[in-house]
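Trainee: The primary structure of each chain is shown beneath.
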Amino acid sequence: MIVVLIETDAEGVTETSLETLRFARDLAAEGGGVPVHGLVVGSVPDTDELGKHGVSTVYVARGEGLASYSAAAWAAALVEARERTGAVVLTAAGTPRGNEVLAHVATRLDVPMAANAVAFEGLAPLVVKRQVAGGAALEEMQLPARPAVFTVAGHAVEARPADQATEAVVEEFEPGLEAADLVGRVVSTEPGVPDQSGDLRSARVVVGAGRGAGGPDGFGAVSELADLLGGQLGVSRVVTSLGWRPHHEQVGQTGSRIAPNLYVPCGISGAIQHWAGCASSKTILAINTDAEAPMMTKATYAVVGDMHEVVPAIVDEIRRRSGT
Amino acid sequence: MVDVLVCVKRVPDSSGEVLLTADAQAVDARYVGSTLSDHDNCAVELATQLVETHGGTVSLVSVGAPESVEQLRSALSVGPTAATLVETDLRDFGPADIAHEIAEVVRAHAELGREHDLVLLGNDAADTGDFQVPVRLAHALGRPVVTGIKTVAIENGRALAHGDSPDGGRETFDLPLPAVVAVSEGGVSPRYPTIKGRMGAKKVEIEMRTPTREPHGSGRVRLTLPPPAPSTVQVLGEGPEAAPAVVDLFQSLGVLR
Ligand SMILES: Cc1cc2nc3c(=O)[nH]c(=O)nc-3n(C[C@H](O)[C@H](O)[C@H](O)COP(=O)(O)OP(=O)(O)OC[C@H]3O[C@@H](n4cnc5c(N)ncnc54)[C@H](O)[C@@H]3O)c2cc1C
Ligand SMILES: Nc1ncnc2c1ncn2[C@@H]1O[C@H](COP(=O)(O)O)[C@@H](O)[C@H]1O
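The listed protein sequences correspond, in order, to chains A and B.
Just so you know, we're using my numbering here: the first sequence kicks off at 1 and counts up by one.
Just so you know, we're using my numbering here: the second sequence kicks off at 1 and counts up by one.
Take these hints with a grain of salt, some might be off.
[Stated by the list, open to error] A few chain B residues that face chain A, going by a derived Cβ cut-off under 8 Å, partial list only:
no.: 1; residue: 34
no.: 2; residue: 135
no.: 3; residue: 188
no.: 4; residue: 234
no.: 5; residue: 256
These are computed hints drawn from the structure, not numbers from a lab.
For each residue, glycine too, the CB sits at the ideal point set by N, CA and C.
Isolated chain A, as found in the complex:
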């Protein structure tokens, strides 16, 4: 038995939770076809969708204490779902909440946890392969204890409906919560600054700039190019750490993940943590003085040169052709 913690948002089950279901189904198949159950906390589940993705029973945790998010309370719900099912595997997507809740679960059950698995290697004992060093390396980690607790890294596997849809049954329950489980709960939420990175994440074109920009004044030409292409400016972490540009413009593992038709990274070396955020771009045109920089060898197209010369020349050429 496997229980998957399901996260939902305004559009329903999140993509990363569907990916985790796929991972869990593959693991279940390998283990002789044990059932995969889902746990949803608080919200009303989309049973059709969960059934399509192979979930047998959807456990729905309800109760006053679950009205706002608390990792410890969610963990209590998952531990109780495990007791009800006798699950030998507990998993969730490797999102901030997924990792936080499962860390609580593993701690309560006094078993190890593997964060950000991308694959499983063996069943007896269970060995998962997981991302370490920001995705630059993989670790094979044994999980001999039961239940095995791990999270699944985002985009490690593709979400895919099961070959055979199931008729997902809903089972509601109210987990027993202690006062201590509610201390770390969300007491208020606010939209905050309207999500400034939203434009970047959905942009068709992103022009990127890294340390090669040289300083806070080095972004004029790249911004102009972004404007001419109807795109957004995206930057590397070096740029935000040095305070040259705001954090919401950062692309990468700890910034935004982008998936534009065209990404034009200028003066960005292409460290694995940056690559994690731009790998889904359809076409990449890299501009860099160093032809051997990882971004240059991974890109679709490259121009070797100083961005402070190349980018203004491109801007001029666009203006020349459009007659502006």
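Following the hints, put chain B with the ligands in place on chain A, whose structure we already have.
Mentor: For chain B with the ligands alone, kept in the frame of chain A given last:
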């Protein structure tokens, strides 16, 4: 007054090329050097700002190799005034072992009358990426914990911690002290040390300790590197002369307005 303890980890610098040790058990720091784990810098900065506002002290703790003293000194140079090193080889340490040793330090300090009101950690370590030490530590100490926090304010003896909600908004947690908070970068910008700070850091006597129990282990079998993707890049040219070819490409991709 607030007494803050910040947990910091010495890790190989993984911003450039990542290599593995010959036995494939760790990331090799020989050529790239070592540094403070990423989010830990922000935790140190947050702690320093809290003490600037409320008074009090910031102490550091690290579990690891003797060379971790370098990272402790560099962190000491931006504000903290005390540091503890639990000296050990981390090779066989899992996150539960590390959390256990940090908890022992917190308890030992409490026995000496130094109660750490707030323990700050990074959200996840840059090398092992376990995402667990903060939660396991809080559990061992019987304290509340929240992770993924960008900023913390102290009001009426409570910690107001702010983080990002899944929909991109901001969420607030309100914890009674003592508490444990795991910090993610993005909320504060770590400051650079001044010369005076560097000089001061050299004079701090680092409290040395040894682990209190045998580690239970990390479950690590071995590390591997993902295979490099074959390069299929098409070079459009060199320098500004490449501009026409670039704009031709933009045209063929249909991205010109
Ligand atoms: C846990 C973790 C999370 C991280 N998260 C992120 C993240 O989300 N996003 C991110 O970007 N990084 C992230 N990093 C940092 C990452 O490892 C790199 O340090 C960073 O991406 C490097 O930024 P850069 O390419 O701008 O700088 P550098 O690596 O210094 O590269 C600068 C590049 O510019 C080129 N250059 C210099 N001058 C010029 C010029 N005049 N014209 C053209 N080219 C020039 C150089 O040849 C070089 O290739 C993370 C690191 C860790 C450990
Ligand atoms: N060996 C260590 N010494 C001190 N702090 C550590 C150590 N390992 C982890 N931590 C802290 O715990 C955080 C999360 O680490 P992890 O759970 O291993 O991903 C790190 O950012 C550090 O703040």
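Trainee: If a hint holds in the structure, say so; if it does not, say that too.
Mentor: The hints, checked one at a time:
1. 34: Check failed: Cβ of residue 34/B comes no nearer than 13 Å to chain A, outside 8 Å.
2. 135: Residue 135/B check passes; min Cβ-Cβ to chain A is 4 Å, inside 8 Å.
3. 188: With Cβ-Cβ at 11 Å, over 8 Å, it is violated.
4. 234: Holds, about 5 Å.
5. 256: It holds, given that the least Cβ distance between residue 256/B and chain A is near 7 Å, below 8 Å.
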